[in-house]
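Trainee: Chains as they are written, first to last, in my numbering: chain P, 1 to 579; chain Y, 580 to 939; chain V, 940 to 1321.
In silico DSSO-like links for lysine-lysine, alpha-carbon gap of 30 Å or less:
#1 Lys-116/P to Lys-657/Y
#2 Lys-216/P to Lys-657/Y
#3 Lys-1278/V to Lys-367/P
#4 Lys-1022/V to Lys-367/P
#5 Lys-1023/V to Lys-367/P
#6 Lys-367/P to Lys-1275/V
#7 Lys-599/Y to Lys-316/P
#8 Lys-367/P to Lys-1283/V
#9 Lys-367/P to Lys-1210/V
#10 Lys-1288/V to Lys-1169/V
#11 Lys-316/P to Lys-657/Y
#12 Lys-367/P to Lys-997/V
Derived by calculation from the structure, the hints in this document are not laboratory data.
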Amino acid sequence: MSTIVQAAAQSGPRTGFAPLRRRRRGFVLPIVLGLILTILVLVPILLMFIGAVRSGTFVDPHSTFSLRSLQAVYTTWPYLRTLGITVGASLLVSLLACVVGIALAWLIARTDIPAKGLMENSVIAPLYLSPFVGALAWLILASPRAGLLNVLAHQFFGATGPIINVTTSTGVILIMVLYNVPYAYMTVSAALRGMDPSMEEASYLSGAGVVRTALKITFPVVRPAIVSAFFFVFVLTCGTFSIPAALGGTQALPFMAVDIYHATATYPIDYSRAASIGTMLFWISLIGVAFYRFASQVATRFVTVTARGYRMRFVKLRGLRVVSVGLIAAYVVLAIILPYLALFYVAFTSFTSSSIAAASWTLDNFKAVAGSVAVSQSIVNTLIIAVIAPTLCIMFAVWIAYAIRRLKVRGGGILDYITMFPIAVPGIVFGTGIFWTYLMTPAYGTIWILIIAFVASYVPFAYRMIDTSLIQIDKSLEEASALCGASHWRTAWQVTFRLIRPGVLSAWILIFIFSVREISAAILLSSASNKVLSVMSWDYLEFGNVQNAAIIGLLQTAILVLGILAGRYVLRIKLSQNG
Amino acid sequence: MAQLSVENLEVSYGAMVAVKDLSFDVEEGEFVSLLGPSGCGKTTTLRCIAGLEASSAGRISIGGDLVAEDGLEVPPEKRDINMVFQSYAVWPHMSVFENVAYGLRTRREPSETIQVKVGEALQTVGLEGYAHRFGTELSGGQQQRVALARAIVTSPRLLLFDEPLSNLDAGLRERMRFELVELQRRLGKTSLYVTHDQSEAMLMSDRILLMKAGQLVQMGSPRDLYDRPASRFAAEFIGNANIFDGEIASVAGNAAVLARIGGISIEGRFSWPEQARNSGEVLVCIRAESVVRVASEATGVNLFDVEVRTVSFLGATVNCLLQLDGVTLRADLPARHPPAPGETIRIRIDPEAVTMITEP
Amino acid sequence: MDFQRTRAGQSAPQGLSRRSVLKGAAAMGLAASGLPLLSSVARAATEEPSADLVNAAKAEGTLTFYHTTAIDLTANWTANFTKKYGIPTQNVRGPSYPLWERWLTEERVGQHVADAIQITDTVLIEAAHAEGLIADYTPASGAGIRPGMKKEGVWYTAFVNAMGYAWNSQRVSPEEDKLLRSAKWDVLTDPRWSGRFATSTPASGGSSYSYVYMFLGGKRSMFGPDFVTKQAALNAQIYESKSPMYDRLAAGEFALVDQASQSDMGGLYLKGAPIRWVFPDPTPANLTVQTISAKATHPNAARLFQEWAMSHEGQAAWFALAGVASAREDTVDPRKVAKSDWYKEDWYKDPADLYIDYLSDPGYVDPAKPIIGEWNQIFGRS
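All chains should be modelled from the sequences, with the hints used to inform the complete structure.
Mentor: Structure follows, in structure tokens:
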């Protein structure tokens, strides 16, 4: 009682200023946020567009305005062909990843499959392996003549040709599918859990069986989530550089992101061409993001969460139980177990021998890596970045989300749109933009340029997750706090932020994972004093030896797993609900 | 033969027993409610009958067919029953027509038949003209009608209702109650209805099964339950009666009994003959509306002078708290000429309306 | 000997240039410099860096080194420098062209990151020198570098990389092994290698470019587009960088690769990989050259590093790690004398006829690098 009286007494003399304050907040906050977003997101993208119409780099004294690259990229056959293949392959990857992801999500969320927690952790485990390192491992496993699997098949089953070949377009697509399944799984599985179970029960009671219910009710109801997963994977895949690059570059499957890298890494170095391809990739991704945004908005509108205490009736798999467990096990073997076996094999042998029997086992590689100053520096850098980047990213995302969703600042719609922009910009393109943006600042060449790049790249993910948490909090909880006389910031701090804590923490973990794994932007921004493990693994593959690249990949996984274990057991964060 | 027969049903989750040794029948065309506070196991029972949840022991048969027993569990889609859900569960991606036609299509009925049956069902629930709307475009009440049409269109052997009206606002709920019961009478569908709302159960049911903590407390017609509660729980849950701890003073002939509550004596009768005792403790149960104000000079049995403590206006009646010797009695008196607080009035309670319960 | 005659602007008489170069280092040293054999004491007296430079470099405390050679190898090499002077180095590895482009950009905007840079393309360095981005420094130890392998005050060769072809001995028949040992370039065009051969694009860096330049540029009359066309017909796997290619060769993915350098093949050999390599005549070689940034943040450390890198000691340290030809006449691989490692193998022969006198060819220095386009066309790459 006394609090209310006090608050009322205090607010008395201030009432005259309240409208003024409101107006100030109405302008200052969106302008500040807009400025930060402009520098973080828009300037790098803008520089990419300007770079596309310059004949050389920004600092090249001979560089002039030129439409040559744009013209070549947008009108000539090789580029359009690559565009077509990139889009086609990405659509195929998304389709397959979604089919597998949906099947796994349904099995785990809807059936009596045993050990659900373990199953789910296994399905999302590929997130802890950098796709680049995964591709590298698959190259060792399934290159046509020296791949370990092909050699074993030859030795034991007398296979004459390769049984699997990852250096073909099919191979590249399948490897990309493998490492995109967790995204499709997580989106669809969240939707399945949010879905009102009575929708399916009503179907059963109308006489429909398991299959009909799944096809006619379950999947159509979560269709927006499926569509949003599809376009999310599509956009990610379109900008993928590491997998097609590691599996044989343009020969196996021309990919725009790989072309961009080649334009900046092989003679003649042509930043203008790289930027032009970047702009084309930008438009494609932007279309994908538009669909993704639309679908995820519809998804939140569709999902009806009913907090009733029933246990879901799980579909009894009976005989299919073995098959289903086998399906998940097959996925885990392909995405995790085989690649890690390959990495360990390579790490412990002196050179990559295709005959395991003839391999010479050694610890020298570990000694070499352990003794490398560059590696220990990059471990430290990776750890620093992996802590700071997600933290800053989350803080910024909470700020934006709170400003847009709760304070309802002016121009919130525009801010929302700009915040989502970086999803449309593949790492390799964004990295170039960041490079030019910060070239002349003290951040250049330090770990801060990487932190800036990661914060800018991942702010959309953090923002979406936090925004979703904010939407789910009943406003009355905040109003109750405000009526108890708590100040605005006290309400935000004590109530809102506490309630969104689970969402914030899982966003943190996701961005932590991304920051440790990120490779394409990091390659472009790495310098003497800001090397990170992902770049080291790339460098070792390209300019050193596969053995060390594999060890770095294992180190990365170790950091990711430690971080996630710390998250789970110290901070009690879960990436998903079953685990 | 009973349309639904539940024998010794038991459901437990690990150590937690949700339903214990429950047996009842529902006859053809009967409307039976499972009533009880939340967590009493009524919804679990319903879901077991639907096949959405597995029982730990007991038998369930529908229309004479055994659907659940040890080692047997007919899946819900094979039970030929239907259900209306609390959340409506109208499929958002289908039109109203498709929602209703779903069960018929599942059975691969010819499309002309489907047209006719869906049309009839929509007409029955008063949704003609809504066939091509989508579920998400409808109000809560309309969605509930879609769910109802969807449930009746397949002519199930048994209709299950899981608190179907609890998400509707008060006015609409009231109207839907009447519509539902009217519809049920008209279609003659055997129905099992779960609710925690005693007035809903009273209004709609042929029979009420009152449950508490996973067990059947009392079963009977609404009137039985109201007039002759067999336990303190039943008396309190249905109609919120005044209950006093008393002691049996004397028993006269055909169940007329005199009980002492503190300093006063009151005459009543045992609710159930089998509860009759000659002495010992007894619960004295008096409905608020059984209290009648009489002239201060009136004479007879069960006449008491009481002091009016508070008077609350409810419209047709006033709810008064009356001080009677050591105890407080709630009474509903006519709103016309209400007593004033502090006034002393004389009241009479018909011995027929004083129920003695010996169950602890 | 062609080494003396390949200074920029000079052209070597053809008759003399293709003679055995690395056959007996002492004799070559005599012949090359025309000076009596220097004892290490005498060398120390003339080539040791001044105490002032050492102190100034130590005061700067660190050095950033951009290079194009293998990561661990280079790190082990620079560790010798660190050990001697207590100056740690930050090594940044990149492919010649992007690394150089990166450095140019940094210098142009005043982000002076690199102190010393070591790449495989002298043309680029000379262009940057013209732009004023290269420090004018003549290391005392540079006197020991063969005359054709330096441009005084601008760049100095750290080492010479001869490139032949290499094969996986377990992926060829005995008859093929014999054929391969014959060390003839024509072996590379045999249709039998179809699907079993891998190569690396000349667009990836200076060494591959120099290699391809011999076939399409300098020795066009001898090989030319015909030779490359036959190679392209082998349906080769083309790599953007050579390390993964060598790794796959060791694994047996391919039977045969070209652009095989002693340092990389020797490394694999020592790890036990079933690899053999030869240097057919003429053997294309390229120079890995070092230069100092004009605006180096640690100019003295850079100078001291160059002094060390060009000294007998620095060169010997590189030899101990990767056996390639030194740019110094007084430095040879001790393993060769001891007949250890691959020097004991009957298939191994040093390169006899190094092709290195192309550094000032107009076709080679053309910034448009037309042969890359030609090569891409022949191999059907856009």
